[in-house]
Each structure stands twice: as C-alpha cells, then as structure tokens.
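Undergrad: Sequence:
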Amino acid sequence: MNTEKKKLLLVEDDTAIAMGLEYSLQQENYEVTTCGSAASAMARISSEKYDIALLDVSLPDGNGFDICKKLKIQGDTPVIFLTARDDEGSVVLGLDIGADDYITKP
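Quick note on our numbering: the sequence shown kicks off at 44 and runs consecutively.
Calculated directly from the structure, the hints in this document are not laboratory data.
Do not take every clue at face value.
What the hints assert, rightly or not - Listed below are the simulated DSS-like cross-link pairs for lysine-lysine, each with C-alpha atoms no more than 27 Å apart in a straight line: (1) Lys92 to Lys48; (2) Lys92 to Lys49; (3) Lys92 to Lys115; (4) Lys50 to Lys113; (5) Lys48 to Lys113; (6) Lys48 to Lys112; (7) Lys50 to Lys112; (8) Lys115 to Lys48; (9) Lys148 to Lys112; (10) Lys148 to Lys49; (11) Lys49 to Lys113; (12) Lys115 to Lys50; (13) Lys115 to Lys49; (14) Lys148 to Lys115; (15) Lys148 to Lys50; (16) Lys113 to Lys92; (17) Lys112 to Lys49; (18) Lys92 to Lys112; (19) Lys50 to Lys92; (20) Lys113 to Lys148.
Said to hold, decoys possible - Restraint-style ranges between C-beta atoms, simulated for each label pair: (21) Pro149 to Glu47: 16 to 26 Å; (22) Glu47 to Asp104: 16 to 26 Å; (23) Ser80 to Ile116: 17 to 27 Å; (24) Thr46 to Ser80: 30 to 40 Å; (25) Glu131 to Tyr66: 27 to 37 Å; (26) Pro103 to Thr46: 12 to 22 Å; (27) Gln117 to Lys48: 30 to 40 Å; (28) Gly132 to Glu47: 37 to 47 Å; (29) Asp119 to Ile146: 31 to 41 Å; (30) Glu47 to Asp129: 10 to 20 Å; (31) Val135 to Thr46: 32 to 42 Å; (32) Val135 to Asn72: 30 to 40 Å; (33) Asp139 to Gln117: 25 to 35 Å.
In this text, a Cβ means the ideal position worked out from N, Cα and C, and glycines have one as well.
Just need the whole structure built from these sequences, with the hints factored in.
TA: Okay, here's the thing in structure tokens:
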C-alpha cells in the first residue's frame, strides 16, 4: 500500500469552509496547503509542486481562473474548481482554461 501523501493546494477565502475541507482532506491522507487569497496561492505555486488543486473562483484579491492558468502553464496539475459561481459563463471559462472539473457549492 502506498502511504505517501499527495500534496493538495486548497484555495478558499471562507475560513469555515477551508477548515472543514482541510480536515476532511487530511483524513483522506492528503497533505493540504491552504491559501485564503490569490496572492498567497500564486506565491506557493511558484515555489512548490502540487498533485492536485481545489480552487475557489471568487477571492478577495483576484480569482481562481488566474491561479488555474498559472498551474497549467507550469505543468499538468489537475484542477477542480469548487465555487459558488454557478453561471454558465464561469463554468465554461473554467473548463476552457484547463480545469478538470467545476463543482458548484450549494
């Protein structure tokens, strides 16, 4: 059995949601790096490689679309958007720029 933890980047500005997701993902053996802003996420992906990324679209200082673009330029990190933005344009844009999935929050 492979016990090596996968490195996951979680970008979510809502602290309660971030804490819940981080806890759940750690229980599934992920090594979670949580960022609450676009700037902190951009800094982290400049210095570290991640196995997967979960991104919110709406952030206080930017958006998850720009983070996704940077991840896809750097390599083929799988990206899943987990966001409240459920309009068709956002979903299409997210998938067009390379996201592997787009999940809307209730």
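Undergrad: Does the hinted range 30 to 40 Å hold for Thr46 and Ser80 at CB?
TA: holds (32 Å)
Undergrad: Compare the distance between the alpha carbons of Lys148 and Lys115 with 27 Å, and conclude whether the hinted pair is satisfied.
TA: holds (23 Å)
Undergrad: Quickly compare the C-alpha distance for Lys112 and Lys49 to 27 Å and report which way the hint goes.
TA: holds (21 Å)
Undergrad: Does the beta carbon distance between Pro103 and Thr46 stay inside 12 to 22 Å, or does it fall outside?
TA: violated (36 Å)
Undergrad: Return holds or violated for the Cβ distance of Asp139 and Gln117 against the range 25 to 35 Å.
TA: Given about 18 Å between the Cβ atoms, the range is violated.
Undergrad: Would you mind confirming whether the straight-line C-alpha gap from Lys92 to Lys115 stays at or under 27 Å?
TA: holds (12 Å)
Undergrad: How does the Cβ-Cβ distance of Glu131 and Tyr66 compare with 27 to 37 Å: does it lie in that range?
TA: At 32 Å between Cβs, range holds.
Undergrad: Range hint 31 to 41 Å: satisfied by the CB atoms of Asp119 and Ile146?
TA: violated (20 Å)
Undergrad: Would the pair Lys148 and Lys50 pass a check requiring their Cα atoms to be no farther apart than 27 Å?
TA: Holds. Lys148 to Lys50 sits at ~23 Å (cutoff 27 Å).
Undergrad: Hey, Lys115 versus Lys50, does the alpha-carbon distance stay inside 27 Å?
TA: Holds. Lys115 to Lys50 sits at ~16 Å (cutoff 27 Å).
Undergrad: Is the straight-line distance between the alpha-carbon of Lys48 and that of Lys113 27 Å or less?
TA: holds (23 Å)
Undergrad: Is the straight-line distance between the alpha-carbon of Lys92 and that of Lys48 27 Å or less?
TA: holds (13 Å)
Hints 21, 22, 26, 27, 29, 30 and 33 from the earlier list are contradicted by this structure; the remaining hints agree with it.
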